[in-house]
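Q: Take a look at the letters that make up each chain.
There are 2 protein chains.
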Amino acid sequence: MFKINTNYQKLPGSYLFSTIGKKVRSFQAEHPEKKVISLGIGDVTQPLAPAIIEELHKAVDEMAAAETFKGYAPDLGYEFLRTAIAENDFAARGCEIQPDEIFVSDGAKCDCGNIQELFDRDNRIAVCDPVYPVYVDSNVMAGRTGTYDEGRGIWSNVIYMPCVAENNFVPELPKETPDLIYLCFPNNPTGAAITKERLQEWVDYARRVGAVIIYDAAYEAYISEENVPHTIYECEGARECAVELRSFSKNAGFTGVRLGATVIPKDIKAEDITLHSLWARRHGTKYNGAPYIVQKAGEAVYSEAGKAQLKEQIAYYMKNAKVIYEGLKSAGYSVSGGVNAPYIWLETPKNMTSWEFFDYLLENANVVGTPGSGFGPSGEGHFRLTAFGSYENTAEAIDRIKGI
Amino acid sequence: MFKINTNYQKLPGSYLFSTIGKKVRSFQAEHPEKKVISLGIGDVTQPLAPAIIEELHKAVDEMAAAETFKGYAPDLGYEFLRTAIAENDFAARGCEIQPDEIFVSDGAKCDCGNIQELFDRDNRIAVCDPVYPVYVDSNVMAGRTGTYDEGRGIWSNVIYMPCVAENNFVPELPKETPDLIYLCFPNNPTGAAITKERLQEWVDYARRVGAVIIYDAAYEAYISEENVPHTIYECEGARECAVELRSFSKNAGFTGVRLGATVIPKDIKAEDITLHSLWARRHGTKYNGAPYIVQKAGEAVYSEAGKAQLKEQIAYYMKNAKVIYEGLKSAGYSVSGGVNAPYIWLETPKNMTSWEFFDYLLENANVVGTPGSGFGPSGEGHFRLTAFGSYENTAEAIDRIKGI
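Chains as they are written, first to last, in our numbering: chain A, 1 to 404; chain B, 1001 to 1404.
Zero decoy hints are in this set.
Covered stretches of chain B, going by a simulated chain A footprint (3 or more residues, C-beta under 8 angstroms): (1) 1001-1011; (2) 1254-1264; (3) 1271-1279.
Because the hints were derived from the structure by calculation, they are not lab data.
None of the values given here were measured: they were computed from a predicted structure.
Glycine included, each C-beta is placed from N, C-alpha and C at the ideal position.
Let's have the full structure, built from the sequences with the hints guiding it.
A: Okay, here's the thing in structure tokens:
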């Protein structure tokens, strides 16, 4: 008789955003006349930039003729895209990353969920708290996290690193020693950034204890301040200890297009085995590449026209961030984030729990956000709003919140 | 200090098609003047059908305007595609599969590699021998296969079911009892088909012993004979024991477009837990959906124009299959397959091993095929040719083989 992976059963409740979706659908079914505005899930709303649309049409036409038709993509992704990423995201910043250290995928979420497979079950993970749920959940499914304490909302074998107002939402080095460290900056959900000096401390620490940093750089395009690193490879020694996850979802509006890239420098080794060779093996065995037309769209992101158009797109969302930040502040909320990231993190008023505030906001302002407790215990009493709505909706949502 | 997943190190050599690719590149580098024809990897060569191209362009245009732009797709895939699959692939054949039992993905290879995650490490798998390498390799990476016997090319904890000329390349029920049974019909690599009666025996057996069948139906569009089932759900009771993997790669030429679907009926349960709920959780946590434009292309596969055009495309490849089959037969080879599948399976001449014949063919005819031993021990002494080339290349390749 077949037996299921019982680790799946350990996961408490369903995936955060699925739960939110259900609550919203149920509210909308009961109140079909209300116009609900979502500043909840981090999904973009602006159309693809013209340079990307043009390239997509061209690539579709290539698929229509035998001479230019493309079948299976190369295992690691097309050379043209890996080269564009290497040049623009790394060489241009003085970082030494070779095209063959970049693995193209159909999105950072998949890579983020799958990367833990390369490691033994006995590795101990450390995560920021609050944190994007996929880091922990994917390790739960692999049986790496111990037992769940429902009352405290924590796993016995996970090292939680609180990110709270007192430390500017940047974690301290942990007291216990982890094997895998998940970091995401600019951060989801807090919107906090890390300075180059602070990130260098993490790289030094990881090298000292022999840990691997899994660095999620999904929001780097939103960085507006100096001295905030756009990639962990700006830090010395990161090639020996850091994997970087890169996404096209937020910097180019590809949430529905699906494209990501994971960087694994060949210098990360356990004895003589490179992590790079393991990920290459995983790609070869369990993956068949991102669609050709999508990889061409990715290339267009790095064209001169694409860069200029996307700069405008990001400015559009960051204008929303400012509206949210300043609107809430003027209404008396304690807010942070929104300067180097499209996320605004606020303290819930009147000692409401995160989910109480979720319901309160949905019912009274018909605005959807994300409860901080869904991101970890230190997220309790906090709430995330995102800048990815249209300007009109964002402004209206903030007006409504100010009015309640 | 981090520790790697040592199961990866157990995998012998590199992935079959990567090895072939390296050998071919090396031969081509030494002999740049030779025109190598590949009948090796199962990659299509015909352009996308006009109905699909048209839909892709339309979908790209939708992504260009805020009103029609699409962000993250629904977890399970778009309703329009799941409904089209449910109606055309199942309801039309009298099979009861609901749209919400169909999970859209970026390809059957990923699903095929990931599906084993839902099961405990202690489950024992049974595979046809020879077999598509991903079934075994993905289980090796999960630590489910025991130790590797290099001499015999087998894993201690895998049940191999020989598929040889004596049993018409359809496996007998195994003597030892498996928990997971991988079946693929029409078969890769042998090109063999299974009758409905024989498949019903497998379904009955799986229900009797409490096993799950993972049924790979990637080649069903190539079925030309009556009484060969297009889906396992044509068999009674399959809803209680069978998962079906479906691919758009071969039936619509989507190898570079990336689209697949996995069917998990809600009747498959271990105690009260449905396999469906586990896969839904995996999708929600580690996956973010197939691209909208690709899902629209998938919908076009089921349009009247799409169906007619793809029928022609498949007829084109099956004409190649006939050229290969008859050409080799007339040259004295023992051949099978090629009637309900785009694969032709042949016995290597003069007691050559599969890899010896690979080298022989590459050097003397400049034709690339796939060594049977790469698919499992019973594949030794055999060789796979595929019908996915152009007609001109296929005919030339067969002429060359006949000439050596």
